[in-house]
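So the protein lines, in turn, are chains A and B.
Position one of the first sequence corresponds to residue 1 (my numbering), numbered consecutively onward.
Position one of the second sequence corresponds to residue 1 (my numbering), numbered consecutively onward.
Source of the hints: derived by calculation from the structure; they are not laboratory data.
The beta carbon of each residue, even a glycine, is placed where N, CA and C say it ideally should be.
A couple of the hints might just be wrong.
Claimed, not checked - According to the in silico footprint, chain A covers these stretches of chain B (three or more CB under 8 Å from chain A):
no., region
1, 12 to 24
2, 74 to 87
Stated by the list, open to error - Dumping the calculated DSS-like pairs for lysine-lysine here, alpha-carbon to alpha-carbon at most 25 Å:
no., chain 1, residue 1, chain 2, residue 2
3, A, 59, A, 26
4, B, 159, B, 232
5, A, 150, A, 59
6, B, 39, B, 127
7, B, 92, A, 59
8, B, 92, A, 150
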Amino acid sequence: MIEIRDLYKYYGDRRAVGPLSATIEKGEIVGLLGLNGAGKTTTLRILACDLLPTSGSVKVGGLDVVEVPHEVRRRIGYLPDTPPVYLEMTVEEYLTFAAKLRGVTGPDVEKRVDEALELTEVGSERDRPIGALSHGYRQRVGIAQAIVHKPEFVVLDEPISGLDPVQIVEMRELVRSLGGEHTVVVSSHILSEIHETCDRIFVIRDGQIVASGTEKELSDQLLSGMRVSLSLRVGEGGAAKAGELIAGVPGVTGVELGVATEGPGIATYRVVLSRDTRDDLTRAVVGAGYGLLELTRGERELESVFLELAKSLDEPARRKKKRKKPPVDAPTEESP
Amino acid sequence: MSQALLIARRELAAYRRSPLGAIVIAGALLIDGIYFYWKGLADKLVSAQVLSEFFYGASGTTMIAGIVLAMRLLAEERQTGTLTLLNTSPIKDSEIVLGKFVSAFGVLALMTLMTLYMPLLIFVNGKVSVGHILVGYAGLLLIGAASLSIGLFASAVAKSQVVAALIGALILAPLVLLWAVAKAVDPPLNRVLTSLAIHHENFRPFMNGILELDGVVYYAAVTYFFLLAATKTLEARRWR
Chain A
1 MIEIRDLYKY
11 YGDRRAVGPL
21 SATIEKGEIV
31 GLLGLNGAGK
41 TTTLRILACD
51 LLPTSGSVKV
61 GGLDVVEVPH
71 EVRRRIGYLP
81 DTPPVYLEMT
91 VEEYLTFAAK
101 LRGVTGPDVE
111 KRVDEALELT
121 EVGSERDRPI
131 GALSHGYRQR
141 VGIAQAIVHK
151 PEFVVLDEPI
161 SGLDPVQIVE
171 MRELVRSLGG
181 EHTVVVSSHI
191 LSEIHETCDR
201 IFVIRDGQIV
211 ASGTEKELSD
221 QLLSGMRVSL
231 SLRVGEGGAA
241 KAGELIAGVP
251 GVTGVELGVA
261 TEGPGIATYR
271 VVLSRDTRDD
281 LTRAVVGAGY
291 GLLELTRGER
301 ELESVFLELA
311 KSLDEPARRK
321 KKRKKPPVDA
331 PTEESP
Chain B
1 MSQALLIARR
11 ELAAYRRSPL
21 GAIVIAGALL
31 IDGIYFYWKG
41 LADKLVSAQV
51 LSEFFYGASG
61 TTMIAGIVLA
71 MRLLAEERQT
81 GTLTLLNTSP
91 IKDSEIVLGK
101 FVSAFGVLAL
111 MTLMTLYMPL
121 LIFVNGKVSV
131 GHILVGYAGL
141 LLIGAASLSI
151 GLFASAVAKS
161 QVVAALIGAL
171 ILAPLVLLWA
181 VAKAVDPPLN
191 RVLTSLAIHH
201 ENFRPFMNGI
211 LELDGVVYYA
221 AVTYFFLLAA
231 TKTLEARRWR
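Just chain A, same shape as in the assembly (with noise of 0.2 Å):
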């Protein structure tokens, strides 16, 4: 179980972090979603040990990240947004490394280098320099180098940052396949990544969670009501009149024209719903003499959770917005 309670950084008179309170249970595979400068790295960097807070209590597995940073050490493996590889080593070589640096000693070393081989499908390179590798494969030695000491915890930075699609469904499926043996906190702007991986997600904004739970949860969150997707035959110019008549039943609360792909005279129109009104809405452009081609429930979409969540102040604010230090006792960074 991993447990932060009123986490703070500061880099100089900057927050990056804070106040941030989280609990991730034990063989939860849990996401960080944020856009670029939220503070999601700088958060995994003092959960792996490698970062130290200016304030607040970060537990791992019990242990305190700041008193005992070397058991947390051997208890956690953390890929960093750049996988941390010397090019020159084979696969094999740097594994070993990793996992004597890791405290893994005598035959386990290669038993343990063997199976972090195996779940990252690379030991087909095991014998090839890592600058030889493409970045996928990079990718996975930086995996497996995270999990070759069996960590309880496992921390991975934006894994899927670039890689190709059929990279990232594979990645996907190894971040997946890492959950229940181990406690894994995986962070992205990448909304799919997070979305078909994670069990949980923390969205972060400004150094400070704005919302948490699953997928289903964060939609129920924020996007009330209901989304439908319509397509009428309107005819030529009559997808402004069709719009109104749209707007005017009850229940809709907003409708916006989508681009049209299937022809001049059809209008596909997004509508969303304050509850499920659609045989309304089905009689009223029907009895209006449209032709009703498409009436469809839109998904809830993560991606308007996310956009909503993580750019709900404005950007330009944001960034010019006088951070001010913790307002309790939190020390200074030249504190212990």
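Once you've looked at the hints, dock chain B against the given chain A.
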């Protein structure tokens, strides 16, 4: 300690695979050879003077080689992101620094050992004491260790290898030139400055085959100080 040796072994392997170690050794041997021929063999000097001149010249190349070999040790790891691997492993910052130092010192010692043919050439037409040779080499290794530690500290501070080399040179050069400054000031300050100079007063006994405890303590202290400073720099960076 075992973790420091693990890091040292990896670093030595990296030196073998990269051209830097070979280039530094080849360059130093070339300069030492030319200097040995120019000062030692071309001038009409007695054997002991030839040997002293050799150690004088070799001390310069050793100091420069120390800075060049050390410049990549931490700065390169920071540039490539591999320092994160070390920082997130259960090892102390002092073990990281010690491992790096030991590896670079190994290369420097190899480089120094490869110059041994020059003092041995003196035996062809002259005679020097083995003690003189041993003490001179001890001096070279000590001054090399001191300059390596300065370079390692610079590498801990700098973000790039080039900047690390510059910082190392900017620390080393004043330490070399302190003897000249000492000439321009009155006692007792001149005595203090002379004692702090990395080469002149402290190295001269070694090159003349005289083993003085003062020099050994001085070089050990400089080495320890800068290794400690490098360790503290790594520790401090975790707060940033």
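Coverage of the region 12 to 24 of chain B by chain A (three or more Cβ within 8 Å): This one holds; 4 residues, not fewer than the three required, reach chain A with a Cβ under 8 Å.
CA of residue 92 (chain B) to CA of residue 59 (chain A), is that 25 Å or under? 20 Å, holds
When you check the alpha-carbon spacing of residue 92 (chain B) and residue 150 (chain A), does it fall within 25 Å? Holds - the C-alpha atoms of residue 150 (chain A) and residue 92 (chain B) are around 21 Å apart, at most 25 Å.
Would you check the hint for residue 159 (chain B) and residue 232 (chain B), treating anything up to 25 Å between C-alpha atoms as holding? 16 Å, holds
Go check the region 74 to 87 of chain B versus chain A for me, would you? Three or more residues, Cβ under 8 Å, otherwise it fails. holds (count 8)
Is residue 59 (chain A) close enough to residue 26 (chain A), meaning Cα to Cα at most 25 Å? 13 Å, holds
If you draw a straight line from the CA of residue 39 (chain B) to the CA of residue 127 (chain B), is it 25 Å or shorter? Cα-Cα ~17 Å, so holds.
Hey, residue 150 (chain A) versus residue 59 (chain A), does the alpha-carbon distance stay inside 25 Å? 19 Å, holds
In terms of the numbered hints stated before, the structure departs from none.
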